[in-house]
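With the sequences and hints as input, model every part of the structure.
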Amino acid sequence: MGSERVRDVIIVGAGISGLSAAKLLHESGQDVLVLEANDRVGGRTCNFYDKAIDYTDIGGAYMGPTQDRVYRLSQELGVDNFRCFDEGTAIAYNRGRWRTLTGLYPDTWNPFVNMDLNHFWHLVDEMGNKIPMDHPWDFPEAEEWDSMTVKEWAEKTFWFQLTRDFIAVQSALGFCAEDKDMSLLYFLWYIKGGCGYLRFSATENGAQERKFVGGSHRISLTMAERLGEERVLLSKPVAHIAQDAECVTVTTATGDIYKAKYIIAALPPAMHNKIAFTPNLPSLRHQLNQRYPMGSVIKTMMYYERPFWRDSNYSGLILADGIICGTQDDCKPGSKYPAIIGFVAGDAARENCHLTKEER
Numbered sequence: 001m002g003s004e005r006v007r008d009v010i011i012v013g014a015g016i017s018g019l020s021a022a023k024l025l026h027e028s029g030q031d032v033l034v035l036e037a038n039d040r041v042g043g044r045t046c047n048f049y050d051k052a053i054d055y056t057d058i059g060g061a062y063m064g065p066t067q068d069r070v071y072r073l074s075q076e077l078g079v080d081n082f083r084c085f086d087e088g089t090a091i092a093y094n095r096g097r098w099r100t101l102t103g104l105y106p107d108t109w110n111p112f113v114n115m116d117l118n119h120f121w122h123l124v125d126e127m128g129n130k131i132p133m134d135h136p137w138d139f140p141e142a143e144e145w146d147s148m149t150v151k152e153w154a155e156k157t158f159w160f161q162l163t164r165d166f167i168a169v170q171s172a173l174g175f176c177a178e179d180k181d182m183s184l185l186y187f188l189w190y191i192k193g194g195c196g197y198l199r200f201s202a203t204e205n206g207a208q209e210r211k212f213v214g215g216s217h218r219i220s221l222t223m224a225e226r227l228g229e230e231r232v233l234l235s236k237p238v239a240h241i242a243q244d245a246e247c248v249t250v251t252t253a254t255g256d257i258y259k260a261k262y263i264i265a266a267l268p269p270a271m272h273n274k275i276a277f278t279p280n281l282p283s284l285r286h287q288l289n290q291r292y293p294m295g296s297v298i299k300t301m302m303y304y305e306r307p308f309w310r311d312s313n314y315s316g317l318i319l320a321d322g323i324i325c326g327t328q329d330d331c332k333p334g335s336k337y338p339a340i341i342g343f344v345a346g347d348a349a350r351e352n353c354h355l356t357k358e359e360r
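Sequence positions in the sequence shown follow UniProt numbering and run 1 to 360.
If you are wondering where the hints come from, they were derived from the structure by calculation, not from laboratory data.
We put the beta carbon where it would ideally sit given N, CA and C, even for glycine.
Mixed in with the good hints there might be a few duds.
Listed below are the simulated DSBU-like cross-link pairs for lysine-lysine, each with C-alpha atoms no more than 30 Å apart in a straight line [said to hold, decoys possible]:
| # | residue 1 | residue 2 |
| --- | --- | --- |
| 1 | LYS274 | LYS261 |
| 2 | LYS299 | LYS259 |
| 3 | LYS51 | LYS151 |
Label pairs and their in silico Cβ distance ranges [said to hold, decoys possible]:
| # | residue 1 | residue 2 | range |
| --- | --- | --- | --- |
| 4 | ARG69 | ASP347 | 30 to 36 Å |
| 5 | ASP347 | ARG40 | 25 to 31 Å |
| 6 | VAL6 | GLU305 | 54 to 60 Å |
| 7 | THR66 | ASP146 | 22 to 28 Å |
| 8 | GLN75 | SER335 | 46 to 52 Å |
Here you go:
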């Protein structure tokens, strides 16, 4: 199989990024082809369907203010959204003790702990403002911050264990990674990219404000449908990309060969290591790919006959230092079964991902 036809562009990866690129190029009259290793499109967005519950997002799902591009794309594709429930009391569970949350912080009688937590919020944004978004390595503190983990910074900077525990939970929930494994520079740069700590962490007026009707997977499914199955080929893992003066030649693991003038690799950095390149990637890029692991997360969905937490004026939001590091109300418009979604992230996800359904 394969084709000798030289296309304008081949896109490797049929997630939202790859399909968005294909859509724009196709609409501008370019001859495009998308090659996807999996048997579905969507990348890290995916829906699970069941007769009883209709659907649930098992991949990336949320959208909020300032995420204008995905909002504009969803509107163009006819994918509506709905506001996530965020009314009532939220809970923090830390070292065997329950506390209510005021805003994003656990309540405490100690004013010095409140000062410490408030210092964290302000310091994250203050430090982040020093980082150039497009070249975060190019400022005086870059090397120092990149050589320090979030955990090391927290232990050196904040007075109270509650604050340090709170930062650890935020690392797991927001990054699907442990504070001990993450560069402080990356932590600050990423939050700045989300328009600051409050916007990054909040539901209302924040990154978790909305979800898509029918699931975020609909965005990729609709783009793939419009492109047509002749332009989006599934189960085509790319094994080799060779570039010369004439064109780019792409060879799949099954031996299919495709050619194009240009190529877009719409893949997470770690996935580039599964592809051989001729000529080789620059050594610095290759080392970056080796040092840029993906996060680890498991979603849990719990369904109930009624939203009992709302009856007691709870929002369903919990931040916790247990196996499940966070929960949120996940009731969908028109759904018969109210739900709470839970997140198992970082070390907990890696420790439990091998368990059977019964063991979980």
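Results of checking the hints against the structure:
1. LYS274 to LYS261: Cα-Cα ~22 Å, so holds.
2. LYS299 to LYS259: violated, 39 Å
3. LYS51 to LYS151: violated, 44 Å
4. ARG69 to ASP347: 30 to 36 Å: holds, 33 Å
5. ASP347 to ARG40: 25 to 31 Å: holds, 29 Å
6. VAL6 to GLU305: 54 to 60 Å: Given a distance of about 59 Å, which is inside 54 to 60 Å, the answer is holds.
7. THR66 to ASP146: 22 to 28 Å: At 26 Å between Cβs, range holds.
8. GLN75 to SER335: 46 to 52 Å: Once the Cβ atoms are compared, 23 Å apart, the range 46 to 52 Å for SER335 and GLN75 is violated.
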